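Top line first, the protein sequences correspond to chains V and U.
Everything in the first sequence is counted per my numbering, starting at 1 for the first residue and increasing by one.
Everything in the second sequence is counted per my numbering, starting at 1 for the first residue and increasing by one.
You can take every hint at face value.
Okay, derived cross-link-like pairs now, PhoX-like style, lysine-lysine, Cα gap no bigger than 20 Å in a straight line:
| id | chain 1 | residue 1 | chain 2 | residue 2 |
| --- | --- | --- | --- | --- |
| 1 | V | Lys18 | U | Lys35 |
| 2 | V | Lys71 | U | Lys9 |
| 3 | U | Lys9 | V | Lys174 |
| 4 | V | Lys131 | U | Lys6 |
| 5 | V | Lys174 | U | Lys2 |
| 6 | V | Lys126 | U | Lys6 |
| 7 | V | Lys131 | U | Lys9 |
| 8 | U | Lys35 | V | Lys15 |
| 9 | V | Lys18 | U | Lys34 |
| 10 | V | Lys126 | U | Lys2 |
| 11 | V | Lys174 | U | Lys6 |
| 12 | V | Lys126 | U | Lys9 |
| 13 | U | Lys34 | V | Lys15 |
| 14 | V | Lys173 | U | Lys9 |
| 15 | U | Lys6 | V | Lys173 |
| 16 | U | Lys2 | V | Lys131 |
| 17 | U | Lys35 | V | Lys56 |
Derived by calculation from the structure, the hints in this document are not laboratory data.
It should be emphasised that the depicted structure is a prediction, and the values quoted were computed from it without experimental measurement.
Letter by letter, the chains look like this.
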Amino acid sequence: MTEATFDACIQAILKGDKQGLRDIYDAYLDYIYRIVYGVVGSREDAEDITSEFFIKLWQQADRYKAGSGHKAYLATIARNMAIDHTRKYKKEVLESFTQESDDDVVIEPVSSDNTEAEVIEDIAIKEAIGKLNPKEQQIINMKILSEMTFQEISDILKCPMGTVTWRYREAIKKLRRYGYYEES
Amino acid sequence: MKNLEKEYKDQIDREVPDLWSRIEAGVDAYEAEKKAAGTAPSSTPVTETPTNITPIRKKNVISIITRITAVAACVLILAATVKVTQRTKSESAAPAADAAMSEMPQNTNEPENIQHAEEASEATEAPDYISPITEAEADAEPSNSYKPIAGADSDKNASPSLSPSESAVIKDPVTFDDARDDLLPQLEALGFKLIKDFVFEDSVDKRSLSDDVISDDIDIRVASFTDSKTSDKYYVVYTVNDDGAADILIVRKADNTGDILYTNPSYKNK
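The shape of chain V in the complex, shown without the other chains (with noise of 0.2 Å):
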């Protein structure tokens, strides 16, 4: 959706027409839905949260300025719609990354069944996702599918942004395992 589109829903749902919301959700549903499920990492609280930001885009239309790039802008609204949420109702897992010191980080030895070398599986992505931990599982969500920096995942985490990355690059290579590897 160009700028131009997306300004004229704008003005439709200024308006009170529907079908200005009705585009921007078919062709934005899938991008936002993504955002905010690699944050909460669930499909139900995707599903509701999602729902309340196409609302909320309804209810505050009015705030959006014209031709200020509307996609980092609805980037921006989902990510801190599920970041509020996660904060609100997961706590416990925020926390467990806050009381996580670097100690507590173990650096397993890459050994040589590790490398690229090693047999790869051929299973679908989803099932190699469960194979990680979920705090590396997290961190690929929000970095593949929000869409978000090292240094973002890390404020919201707050986790050391070190430790951030090194729990990437970890989840990485033992994607690579079952056949997937990153685009650099």
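Start from chain V and add chain U according to the hints.
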């Protein structure tokens, strides 16, 4: 090898459910709630019926009234503050006299209050213009009390023998404003803070107002004023001393009671 990002995003996208019915229901509920609250939705179509416009106007009118009320309240508070400040300043100018005389207008039937005021005013340093009411000076020869004109008997006991024609030699205030400027501070020291309608009374019976309290031989003038706090009218009987300044002799009510609120001891008929 499979692209992690592409595969993962595609996988999630396939799971995205249709949320439109939920979103639409949420939007409808929001709009209904807004209408029920009587506020105009930001997204109200221009083509909506005028009934949706009415609350906006009402709200605007209420908002304007609220603002005007707030401004009026601020002005009133400011005016009250200025008034209090002015009063505080004048009070600090004559603290003892003020403290003693503050009750005087309310208790007009008891001239003893005047004596209390005189006693109290000795307690602290009072301004020059209330010096005639101090007891010590009343006993002694008052510096600004009436003195016989040149050529008359220097004995103060002889002063009552002065004829009215002689007393007429006393210097008059140069102007109305001069006398008023002399009298107002004295009245203020006696507790009359809010004086208005201060005028000279030429038509009243001056001598009857002196009520035999003041010696007949003293040339007297009369002015009147109103206490804006109580709306009571008062007569102030005064004379002009050797320096050409006005001295208050009597302050009394200008009603049927004619209660005397103050008598200058320096001029009292002995």
